[in-house]
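Student: Between the sequences and the hints, there should be enough to build the whole structure, so can you do that?
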Amino acid sequence: MNLQFVVDGLLTGSMIGLGAIGVTLTYSILRFSNFAHGDFMAWGTYATLAVVGATGAMFGKIAPIAPLSFGWPLIVALIIGMAITGLLALLLDFVLFARLRAKGQAIIVVMASFGASMALRSLLEFIFTSRPTYFSRAIQIAMPVGFGIRITPDQIALLLLTAVLVLGVHLLMTRTQTGRSMQALSQNAALARIVGIDVASVVRVTWIIGGALACVAGVMIGILIQIRPFMGFDMLLPMFAAAILGGIGSVPGAVLGGLIIGLAEAGAVQLIGAEWRAAVSFIILMAVLFVRPVGLFGVRER
Amino acid sequence: MDLLGYGAFFLTTALIFSLVTLGLNLQWGLTGLFNVGLAGFVAIGAYTSALLTTPDDAARLGGFGLPILVGWFGAMLVGGIAAAITGIATLRLRSDYLAITTFGVAVVVQLVALNAQKLTGGPFGIGFIPRPFGSLAETPLLFNLSNLAVVSAVTLIAYLALEHLSRSPWGRVLKALREDERAAISLGKSARFYRVQAFAVGGAIMALAGALQAHFTGFIAPDNYLPILTFQVWVMLIVGGSGSNLGAVVGSILVWAIWAGSGALTSVLFAPEQQARAASLQIVAIGVMLCVILLVRPNGLFGDKPLRARFGKRAKAAAGEST
Numbered sequence: 001m002n003l004q005f006v007v008d009g010l011l012t013g014s015m016i017g018l019g020a021i022g023v024t025l026t027y028s029i030l031r032f033s034n035f036a037h038g039d040f041m042a043w044g045t046y047a048t049l050a051v052v053g054a055t056g057a058m059f060g061k062i063a064p065i066a067p068l069s070f071g072w073p074l075i076v077a078l079i080i081g082m083a084i085t086g087l088l089a090l091l092l093d094f095v096l097f098a099r100l101r102a103k104g105q106a107i108i109v110v111m112a113s114f115g116a117s118m119a120l121r122s123l124l125e126f127i128f129t130s131r132p133t134y135f136s137r138a139i140q141i142a143m144p145v146g147f148g149i150r151i152t153p154d155q156i157a158l159l160l161l162t163a164v165l166v167l168g169v170h171l172l173m174t175r176t177q178t179g180r181s182m183q184a185l186s187q188n189a190a191l192a193r194i195v196g197i198d199v200a201s202v203v204r205v206t207w208i209i210g211g212a213l214a215c216v217a218g219v220m221i222g223i224l225i226q227i228r229p230f231m232g233f234d235m236l237l238p239m240f241a242a243a244i245l246g247g248i249g250s251v252p253g254a255v256l257g258g259l260i261i262g263l264a265e266a267g268a269v270q271l272i273g274a275e276w277r278a279a280v281s282f283i284i285l286m287a288v289l290f291v292r293p294v295g296l297f298g299v300r301e302r
Numbered sequence: 303m304d305l306l307g308y309g310a311f312f313l314t315t316a317l318i319f320s321l322v323t324l325g326l327n328l329q330w331g332l333t334g335l336f337n338v339g340l341a342g343f344v345a346i347g348a349y350t351s352a353l354l355t356t357p358d359d360a361a362r363l364g365g366f367g368l369p370i371l372v373g374w375f376g377a378m379l380v381g382g383i384a385a386a387i388t389g390i391a392t393l394r395l396r397s398d399y400l401a402i403t404t405f406g407v408a409v410v411v412q413l414v415a416l417n418a419q420k421l422t423g424g425p426f427g428i429g430f431i432p433r434p435f436g437s438l439a440e441t442p443l444l445f446n447l448s449n450l451a452v453v454s455a456v457t458l459i460a461y462l463a464l465e466h467l468s469r470s471p472w473g474r475v476l477k478a479l480r481e482d483e484r485a486a487i488s489l490g491k492s493a494r495f496y497r498v499q500a501f502a503v504g505g506a507i508m509a510l511a512g513a514l515q516a517h518f519t520g521f522i523a524p525d526n527y528l529p530i531l532t533f534q535v536w537v538m539l540i541v542g543g544s545g546s547n548l549g550a551v552v553g554s555i556l557v558w559a560i561w562a563g564s565g566a567l568t569s570v571l572f573a574p575e576q577q578a579r580a581a582s583l584q585i586v587a588i589g590v591m592l593c594v595i596l597l598v599r600p601n602g603l604f605g606d607k608p609l610r611a612r613f614g615k616r617a618k619a620a621a622g623e624s625t
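Going line by line, the protein sequences match chains A and P. 1 is the number of the first residue of the first sequence in the working numbering; add one for each residue after it. 303 is the number of the first residue of the second sequence in the working numbering; add one for each residue after it.
Hints are not guaranteed to be accurate.
What the hints assert, rightly or not - Computed cross-link-like contacts, BS3-like style, restricted to lysine-lysine with a CA-CA straight-line distance of at most 30 Å: (1) P/Lys-477 <-> A/Lys-103; (2) P/Lys-491 <-> A/Lys-103; (3) P/Lys-477 <-> P/Lys-491.
Simulated from the structure, these hints should not be mistaken for laboratory data.
Tutor: Put into structure tokens, the structure is as follows:
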């Protein structure tokens with residue numbers, strides 16, 4: 001078996017893991033599984049693409065940074081895209097989810113997120129058409145790094161970016177007051193309110209983190225594969241599976257779950273064939289639900 | 303004459319949708335089980351019946367050439383078993399897990415339909431599915447009317463059976479579980495067992511609808527069972543009012559009329575190269591409609607009154623007085 005699947009798996013796993021952080025936080029703090037999360041990914045990517053196009057129009061063609069396929073416009077655009085996606089999540093919460101949450105039936109919110117997901121995705125198809133696009137059409141030469149593994153500079157940069165972001169979110173969750181408030185709210189909402197935690201601001205932070213990370217995951221897919229309106233929807237099942245495998249509410253769990261699913265998918269592509277890739281997350285999901293529904297780092301629900 | 307034929311065709315499609323919606327109403331409206339993968343169960347029914355009834359085909363498994371009725375019962379059996387397995391895996395957990403798992407079922411069924419060429423014919427689907435009254439195909443009007451009669455009869459039977467079920471002791475247990483699980487369990491009802499049953503029966507009805515559709519069009523392909531189908535049926539149920547079988551049927555006909563009407567409108571108003579974009583706008587409109595109905599009129603046209611909220615308020619007020 002060719003060891004190349006390790007690199008492919010880690011990359012897919014990073015995309016899934018970054019998305020799954022948002023899914024697991026929304027689930028544990030707002031208590032619903034957000035089917036529109038994949039579409040945050042696609043919206044973030046198209047927002048980034050639009051900003052890249054705008055800078056291209058303003059400053060002309062800009063040479064990419066030495067070994068990478070992209071230059072500073074993409075980096076700036078990614079930061080703006082993350083902000084836009086965070087705002088989109090906040091907006092959707094304000095218009096739809098918050099109002100339904102107030103009525104107190106969690107499963108209605110899930111259904112609304114399903115409807116919102118369809119609307120958001122079709123709106124992208126309407127604006128950008130369903131034809132795939134790319135950030136760059138340049139072909140990068142993969143460097144051999146031994147053991148028969150090849151990796152491109154883009155891939156190295158994105159893996160490092162993922163590591164930095166995951167570490168950042170982990171520190172935020174464990175070392176800051178906001179993060180501790182988020183954990184408190186996810187463990188016991190009623191008690192958290194009693195000790196005076198500002199629930200509204202925790203909810204806002206949750207949406208912004210989830211949206212921003214979804215945007216990064218989407219842009220990774222855009223750089224390494226391609227940009228399509230369905231790109232986020234296709235990631236939905238792997239993201240849910242990763243969040244449940246890692247244990248709902250656990251950020252390290254979501255990332256580890258994402259990496260496990262990414263590696264399993266890449267291995268399955270080599271062994272069985274690429275057409276069955278999407279079944280891998282379903283099999284892992286079913287196995288977790290039968291054997292250990294709380295996941296790797298989960299706590300039993302109260 | 304053409305108009306009558308189209309009317310029959312339209313109603314047949316709408317009634318097949320309403321059969322799926324009736325199945326979903328048993329799962330969601332009556333029992334509170336969230337199924338976002340119903341396209342998968344419809345597909346299971348369609349493919350099962352197609353495999354059982356088509357003439358022998360060397361390129362894939364079977365084609366057993368059995369009678370159409372056998373195909374329908376087979377579809378219900380396989381769809382029911384698939385739903386029961388899904389239920390057993392997830393119904394002891396939080397309700398969201400069922401939603402995620404059914405979503406996964408739809409993804410996997412779609413994968414199998416596309417890739418398991420030996421079983422499903424792959425992307426080209428299965429053709430030559432026998433049609434009831436196929437001998438009448440030369441006179442389209444008679445053919446459409448006879449199809450409508452068959453589908454109406456099946457839908458009516460399902461409707462009456464479900465009405466009977468929801469008034470039976472079995473249906474009352476389901477409603478009790480939906481409204482107040484703890485109280486129902488304290489009366490000695492096994493929540494999980496009843497829910498698995500309801501989910502399986504709902505899945506069987508969806509599979510039957512898939513089989514009806516397959517025998518009505520004579521050809522099936524994986525594209526018929528995309529997530530958009532799940533979405534349409536959900537809108538139908540929510541518009542009609544979840545919990546009401548009458549609402550499920552009326553909602554299906556109404557939403558299908560809006561859908562087909564706006565589809566016809568876009569094909570008139572937009573140039574051919576713009577039609578894919580116009581179609582996506584149609585989905586946006588329906589998605590927004592679903593969200594607005596959930597916000598403004600969550601009971602739809604004929605929905606059950608939300609017993610829980612009313613009793614909840616009264617109970618809270620009573621509790622407030624006593625303290």
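Student: Confirm or reject each hint.
Tutor: How the hints compare with the structure:
no.: 1; hint: P/Lys-477 <-> A/Lys-103; in the structure: holds, 20 Å
no.: 2; hint: P/Lys-491 <-> A/Lys-103; in the structure: holds, 28 Å
no.: 3; hint: P/Lys-477 <-> P/Lys-491; in the structure: holds, 12 Å
In summary, this structure violates none of the numbered hints.
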